[in-house]
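**Student:** Sequence:
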Amino acid sequence: MSHAYPKERLILSTDKIHVFLYQLSLFNSQEMRQYLSGDECKRADRLKIEQKRAQFIITRSLLRLMLSRSLDKQPQDIEFSYEEHGKPILKDHPQNKPIEFNISHSGDFALIAITLGHKVGVDIEQINSRTEYQSLSNRFFSDKERTELLALDKQQQCDAFYRVWARKESFIKATGQGIGFGLDKFSVPVDENISDGRRIITFVKTDAEWFCYDLMKLDNYKTALTTTANNRVAVIFSQ
Numbered sequence: 014m015s016h017a018y019p020k021e022r023l024i025l026s027t028d029k030i031h032v033f034l035y036q037l038s039l040f041n042s043q044e045m046r047q048y049l050s051g052d053e054c055k056r057a058d059r060l061k062i063e064q065k066r067a068q069f070i071i072t073r074s075l076l077r078l079m080l081s082r083s084l085d086k087q088p089q090d091i092e093f094s095y096e097e098h099g100k101p102i103l104k105d106h107p108q109n110k111p112i113e114f115n116i117s118h119s120g121d122f123a124l125i126a127i128t129l130g131h132k133v134g135v136d137i138e139q140i141n142s143r144t145e146y147q148s149l150s151n152r153f154f155s156d157k158e159r160t161e162l163l164a165l166d167k168q169q170q171c172d173a174f175y176r177v178w179a180r181k182e183s184f185i186k187a188t189g190q191g192i193g194f195g196l197d198k199f200s201v202p203v204d205e206n207i208s209d210g211r212r213i214i215t216f217v218k219t220d221a222e223w224f225c226y227d228l229m230k231l232d233n234y235k236t237a238l239t240t241t242a243n244n245r246v247a248v249i250f251s252q
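The sequence shown begins at 14 in the working numbering and counts up by one.
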């Protein structure tokens, strides 16, 4: 796990997806604020819950710092534009391929994934045993996912719910459509281990095949990554 932001150059390629895990409590959000743009500072100030504000400041600053090590730019000089559903993108295209990235935070941890030329989405979810997971799965899961979830032993269902939820979130983030894609319009694997990558089943047409991966075991959290890259592309953890 990295405890400090990356200082060495980050060399991106189409055959690797770099994934970073950060513990947010090891960073000072007021110090990290210096790396944000003016618009991002205003967005942070609109977040009334202190934890949410700190999560945003730290993760967005870390993203800028990592991108700066690839683009040879100061973090504050990196310019984002935004797709229709709000996903940030870069104008810079090294090797004539877009830098693709995604971030997620929950509780005290954040994930950041960066690659070249492959759509990518990540998600981390802190498990809350009091969550009404059955009503949420009835509302947001596909029929296939609900059937497989309810077939599990009762004591396994909450853990499995968060596993599926992280996978589903990573997919809709990778597509760039977010919640508008429709969480019940596709199915992810429900079983425990997909470290080798599994295809996502979609009930609506998409412009690519999608592969889902588990990332790491972390007490009381679930993590997932979805990408258009097939399993010949290495998912690596960069320190």
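If you are wondering where the hints come from, they were derived from the structure by calculation, not from laboratory data.
This structure is a prediction, so every number in the text was calculated from the model and none was measured.
For glycine and all other residues, C-beta sits at the position ideal for the given N, C-alpha and C.
One or more hints might be untrue.
[Claimed, not checked] Cross-link-like lysine-lysine pairs, in silico, DSS-like; alpha carbons within 30 Å at most:
#	residue 1	residue 2
1	Lys65	Lys86
2	Lys65	Lys218
3	Lys167	Lys110
4	Lys29	Lys132
5	Lys218	Lys167
6	Lys157	Lys104
7	Lys157	Lys86
8	Lys55	Lys29
9	Lys198	Lys218
10	Lys86	Lys167
11	Lys100	Lys230
12	Lys55	Lys65
13	Lys167	Lys104
14	Lys167	Lys29
15	Lys157	Lys55
16	Lys65	Lys157
17	Lys167	Lys157
18	Lys100	Lys110
19	Lys167	Lys132
20	Lys110	Lys61
[Claimed, not checked] Label pairs and their calculated CB-CB ranges:
#	residue 1	residue 2	range
21	Thr219	Asn109	35 to 43 Å
22	Lys167	Asn206	29 to 37 Å
23	Asp204	Arg56	32 to 40 Å
24	Asn109	Lys167	47 to 55 Å
25	Lys104	Arg143	23 to 31 Å
26	Asp156	His106	35 to 43 Å
27	Asp58	Ile102	19 to 27 Å
28	Lys86	Gly195	31 to 39 Å
29	Asn109	Gln169	43 to 51 Å
30	Leu39	Tyr95	46 to 54 Å
31	Gln108	Asn233	16 to 24 Å
32	Asp28	Lys218	25 to 33 Å
**Student:** A separate judgement is required for each hint: does it hold in the structure or not?
**Tutor:** For each hint, the structure was consulted:
1. Lys65 <-> Lys86: 27 Å, holds
2. Lys65 <-> Lys218: Violated - the C-alpha atoms of lysine 218 and lysine 65 are around 34 Å apart, more than 30 Å.
3. Lys167 <-> Lys110: Distance ~46 Å between lysine 167 and lysine 110 Cα, so the pair is violated.
4. Lys29 <-> Lys132: Status holds; Cα separation ~12 Å.
5. Lys218 <-> Lys167: Outside the cut-off at roughly 34 Å; violated.
6. Lys157 <-> Lys104: Cα-Cα ~39 Å, so violated.
7. Lys157 <-> Lys86: 46 Å, violated
8. Lys55 <-> Lys29: 34 Å, violated
9. Lys198 <-> Lys218: The given pair, whose Cα atoms are some 10 Å apart, holds under the 30 Å limit.
10. Lys86 <-> Lys167: 51 Å, violated
11. Lys100 <-> Lys230: 27 Å, holds
12. Lys55 <-> Lys65: The given pair, whose Cα atoms are some 14 Å apart, holds under the 30 Å limit.
13. Lys167 <-> Lys104: 48 Å, violated
14. Lys167 <-> Lys29: 38 Å, violated
15. Lys157 <-> Lys55: 42 Å, violated
16. Lys65 <-> Lys157: Outside the cut-off at roughly 33 Å; violated.
17. Lys167 <-> Lys157: 18 Å, holds
18. Lys100 <-> Lys110: 18 Å, holds
19. Lys167 <-> Lys132: 35 Å, violated
20. Lys110 <-> Lys61: 38 Å, violated
21. Thr219 <-> Asn109: 35 to 43 Å: 24 Å, violated
22. Lys167 <-> Asn206: 29 to 37 Å: At 21 Å between Cβs, range violated.
23. Asp204 <-> Arg56: 32 to 40 Å: 38 Å, holds
24. Asn109 <-> Lys167: 47 to 55 Å: 52 Å, holds
25. Lys104 <-> Arg143: 23 to 31 Å: Given a distance of about 44 Å, which is not inside 23 to 31 Å, the answer is violated.
26. Asp156 <-> His106: 35 to 43 Å: 40 Å, holds
27. Asp58 <-> Ile102: 19 to 27 Å: 24 Å, holds
28. Lys86 <-> Gly195: 31 to 39 Å: 37 Å, holds
29. Asn109 <-> Gln169: 43 to 51 Å: 47 Å, holds
30. Leu39 <-> Tyr95: 46 to 54 Å: 29 Å, violated
31. Gln108 <-> Asn233: 16 to 24 Å: 39 Å, violated
32. Asp28 <-> Lys218: 25 to 33 Å: 28 Å, holds
Comparing the model with each earlier hint shows violations of hints 2, 3, 5, 6, 7, 8, 10, 13, 14, 15, 16, 19, 20, 21, 22, 25, 30, 31; every other hint is respected.
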